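> In the order they appear, the protein sequences are chains A, B and C. Sequential numbering of the first sequence, starting at 608, is according to this note's numbering. Sequential numbering of the second sequence, starting at 608, is according to this note's numbering. Sequential numbering of the third sequence, starting at 608, is according to this note's numbering.
Some clues are possibly wrong.
Chain copies aren't distinguished; within one or between two, either way the pair holds.
Unchecked claim - Straight-line Cα separation of at most 30 Å, DSSO-like style, residue types lysine-lysine; simulated pairs:
1) Lys856 x Lys1024
2) Lys999 x Lys1024
3) Lys677 x Lys999
4) Lys677 x Lys978
What the hints contain is simulated information worked out from the structure, not anything from laboratory work. Computed from a predicted structure; not experimentally measured.
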Amino acid sequence: MNRLSVEQTNTNTTEPGQAMYDMMAALYPLCRSITGDGVRHSLRLIGRAIPLTCHEVPTGTPVFDWTVPKEWNIRDAYVKNASGEKVIDFQQSNLHVLNYSAPVAARMSLAALKPHLFSLPDQPTCIPYRTSYYRETWGFCLAHNVLEQLEEGDYEVCIDSTLADGHLTYGELVLPGTSDETVLISTHCCHPSLCNDNLSGMVVSTYLAKALLAQSAEQPLRYTYRFLFIPGTIGSLTWLSLHEDEVTKIKHGLVVACVGDEGAFTYKKSRQGNAAIDRAVIHTLAQRQQPYQVLDFSPFGYDERQYCSPGFNLPVGSLTRTPHGRFAEYHTSDDNLAFVTPAALGESLATYLAVIALLEQNERYLNCNPKGEPQLGRRGLYSAFGGKKDTKASEMAMLWVLNYADGDHTLLDIAEKSGYSFALIAEVAHTLVAHGLLVRKENGSKENAVHEL
Amino acid sequence: MNRLSVEQTNTNTTEPGQAMYDMMAALYPLCRSITGDGVRHSLRLIGRAIPLTCHEVPTGTPVFDWTVPKEWNIRDAYVKNASGEKVIDFQQSNLHVLNYSAPVAARMSLAALKPHLFSLPDQPTCIPYRTSYYRETWGFCLAHNVLEQLEEGDYEVCIDSTLADGHLTYGELVLPGTSDETVLISTHCCHPSLCNDNLSGMVVSTYLAKALLAQSAEQPLRYTYRFLFIPGTIGSLTWLSLHEDEVTKIKHGLVVACVGDEGAFTYKKSRQGNAAIDRAVIHTLAQRQQPYQVLDFSPFGYDERQYCSPGFNLPVGSLTRTPHGRFAEYHTSDDNLAFVTPAALGESLATYLAVIALLEQNERYLNCNPKGEPQLGRRGLYSAFGGKKDTKASEMAMLWVLNYADGDHTLLDIAEKSGYSFALIAEVAHTLVAHGLLVRKENGSKENAVHEL
Amino acid sequence: MNRLSVEQTNTNTTEPGQAMYDMMAALYPLCRSITGDGVRHSLRLIGRAIPLTCHEVPTGTPVFDWTVPKEWNIRDAYVKNASGEKVIDFQQSNLHVLNYSAPVAARMSLAALKPHLFSLPDQPTCIPYRTSYYRETWGFCLAHNVLEQLEEGDYEVCIDSTLADGHLTYGELVLPGTSDETVLISTHCCHPSLCNDNLSGMVVSTYLAKALLAQSAEQPLRYTYRFLFIPGTIGSLTWLSLHEDEVTKIKHGLVVACVGDEGAFTYKKSRQGNAAIDRAVIHTLAQRQQPYQVLDFSPFGYDERQYCSPGFNLPVGSLTRTPHGRFAEYHTSDDNLAFVTPAALGESLATYLAVIALLEQNERYLNCNPKGEPQLGRRGLYSAFGGKKDTKASEMAMLWVLNYADGDHTLLDIAEKSGYSFALIAEVAHTLVAHGLLVRKENGSKENAVHEL
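Kindly produce the complete structure, drawing on both the sequences and the hints.
What follows is the structure, given as structure tokens:
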């Protein structure tokens, strides 16, 4: 049986870590935005690893209080000084252009140019990442050191972009399970050359899908998995708006972002606050015996803002490493390939897989002998000799499972109550099932009909 | 719009503080008790500041397990020594007489007198305050130093008081609001020359009523406010007994006492323990960023004992500064005009006003776009440029309000969840209403009918 | 009135402590097991102190997932060395035989003997206690020091035991109360010469029954008390299996074990976790003002495992001193008469009695004057002179009882809320009843019919 393992220590994280890093390196140069060919190109690359479907939603489509915007594409952009030298050059870094800049071709004084320049005085060597999606303007981002050296004089400004009717593009992969109850894995794919936020989310989501595809080829998964690669905010709004009938099937969800740095894991809870996904992630992080933090839901961050809006209130949390805005490299040119590591990506993937393994196995069971304990000894499940001071963890765990397999408690409930790992609790539950002492609680199942109290 | 401000920093507390102090100085010399002309005189003074109604309830009126007692009045009292010198003199301090003393005119030895003398050996310079309302006797209170210097010999004892059928007097002011749901403000007015307990409560209640009268003249208040100036215990019992049909309208209430000293605020919760009034006061105190303490309900203290008796169990707490019995001056002649300050009175008034402002504005709202976030940017409510690390508090607060404006959460709920002040949360809620993004949840309102989900 | 006292300080614990210790000394030499004459003999000794009924359940009787085993009896056992000297001798200590050993008579080498020998390398002077109830084998237990001195050579091995169809024996005493709602007191009586585990439980249960018998002779008890003296695990399973219809009457229960050592009390909660018995024991321990610990339920330990199995989930906890497995003497020959003390036994009995007194008196009451406070002063229940800083504990406790005597709160609820001892709360409740201010809430009672709201 190829059951998903919740034992992360068994997982080789080096190999997929390097593969994810390599994929990230390929995606890094592309100039993504919330629409346009940069996203399409990125999704095509991902589509080589997993069978992704790309959807195109026309400009002007109303999505709740919003409208799908014009499509933005850019070929080149620069600022030349009076000597004709490019002092800002899009070809050097796509962060140099204020994302979604309208086209411009003009000569102007430094004074006229300056309101269109964005820099970070506190991080003078970094190019900031700035956007202006919903207010048509143009601009350049540059290192503050460079800005300060610009001399008075005339500048030639060129942004060779288009803002025109087109489409919003997103990628989707649905992996059907034995149930249509769905786990949503959502990641934003709209940031240009920024690694942790959020190429890391894109590659970890890709390899997570790849791993689940492989597993489901051997044995069907319990849940349906829906992977979304979407532009931030407008993408999740668009998907929600077009799939209101699918929304209620989402039983658990995670927003994947900032999973490539070496920082400790951070879990931001769903708005529900004590959903199964919240408890599953927290248990998984606690079992790693490494530092981690848990944050209550707040209505800012990534697309959990939309999934957890009051009209949906889905059980969707966000598992990151260092969260958005809390690392110095955030939204700057320093969030580059040197900032993320294959090892961190590998660990992140393994942790997501462990969470999913837990969700897959987190069922309710019924003790077939609920009155008193069953006689474990004659089944070889308990030490033959009595009187000893200590009992093996597996025997203890068995007693916990038997005592709480009352149809109300899930295996995660039992793991939390007993202090044993979900992995051990699930393992002994399977042993007890094999010995006919436990049955999975399942509506309409034949075996259940016999045993249920 | 003259909406009540929950921003206490905006409130000028010096001016009303001095006015309250001056009123207290005028009330200080009067010999109040649970009945009699001292109370009547005091209520007349208060009636010059606010349109107070005085009620007279006849002696003998049954009030639950009690009976309205005889009315007590006193003109003079003294003890003269053998030389004819007054060694105790009511004219020096009305605390010298055991409150509610029956009349007496006699000569007696020191030994016969002593059982009628009350002093505080641990505070030898203070005159204690003692009462004997329901057991007819007589006595004098004096400084222990003075008691110890009394020489053997004959004493002339005179208490020129009357205990006779009459009335219990209390003052009441009802300020109608748009709803008959009522906020009760109750203060005891039965203590003689004692400033913190409870002339402070009487003057702060008076100026609170004055402020709400002024505000309601400009814009009707949401709640009806009922101010009671009553003798302790028997007064609240009497009012409750005569107004059982009004009791259920009381949605919030505070007992005002000990609000003139410089000590930190103390809030004693209602018996319900998590009533809106409890949370409103605690939030208000926390926002002051000064030390304060919160106590659980206990069945002793002031008139909250009666309001929170099991047959009523009203949401009535008590907001004091140093609570009863916890300051050395408590119930002694040291609780005088030097012990209280205009500044403390002013701060107390401002804090009560802030609590009331919170109650007035603490409503439920509905997000008109509950699915996903509304597009704040195009309404000028959100920064046009994206990508920055930090977001303004007002923008954050707006997101919190939108996310939790689900008809279940009050603004106070949202303030507590978000960690922002109620003031900011209420302010952005009003902004969002003005932009058509939010509607107040109100049964039967027309706008609500359109928007409610 | 001979109401049970919850004031443990009033209890003379020395006298019954010594009597319990003497009974323990008489029981100590007997070789008990889960069946057989050792148990019968022990129950006969107990039957001299209390009117115990002995039940015999035949071998082969199915009890849930188990079967009543063959009866085991033993006359003698030894191991002789080549010189014919007894190197292990059952007559020296009945712990020397692996409990439930099948008969054996053989000569064998040391190498062949060794797999049948059990010792404790870390406690080389102790004989361990080991059992093999459900797997037919034989063995000897001995001090590790002795084991290490055994020389090579032939040994004569003899266990003169029988394993044959017979009975499982248990003792029972039912003490009827005014209600058939039952308090279960269960203790295991299957351990051979081990004092704390569990001769201590047997003698404390015996004297607890003796005390309740005496009390019920004077005044009927509220609850029915059922005392069980049973072999561990199989005994409780057998009783539960034969009395399923009685099980629902059990409203509170305690498993008595390890109550003779000088360690602090340990209370292990029932599976329900917040049952009345849990709160009653914890309150009683807290009032002792000695260290104690409270443990959450876990599905190992003593017979609470069976009473709290999911098919029964009874409110049964376990009150011990140092719990099983946590003292070095546990399940060794050092758990002897020197390890337990009369004083500890006496204190344990007093504590159990205090818990039972609390259960007996822990009723709901109704304030006959729920609106406002009743006038305690005119009934002589409250100080006549007002104004003092402090109030007597008994007056405070009265106010607490009156405020919470709303038919919902038990006296224990009020004790927990107020911080006063249950003893004081119960005492003032009885005073208030005597003054007609309070009535016990009781369905169908005549006095209640008059007063109930």
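> It remains to establish, for every hint, whether it holds in the given structure.
Cross-check of the supplied hints:
| no. | hint | verdict |
| --- | --- | --- |
| 1 | Lys856 x Lys1024 | both (29 Å within a copy, 28 Å between copies) |
| 2 | Lys999 x Lys1024 | within (18 Å within a copy, 41 Å between copies) |
| 3 | Lys677 x Lys999 | between (64 Å within a copy, 28 Å between copies) |
| 4 | Lys677 x Lys978 | between (67 Å within a copy, 22 Å between copies) |
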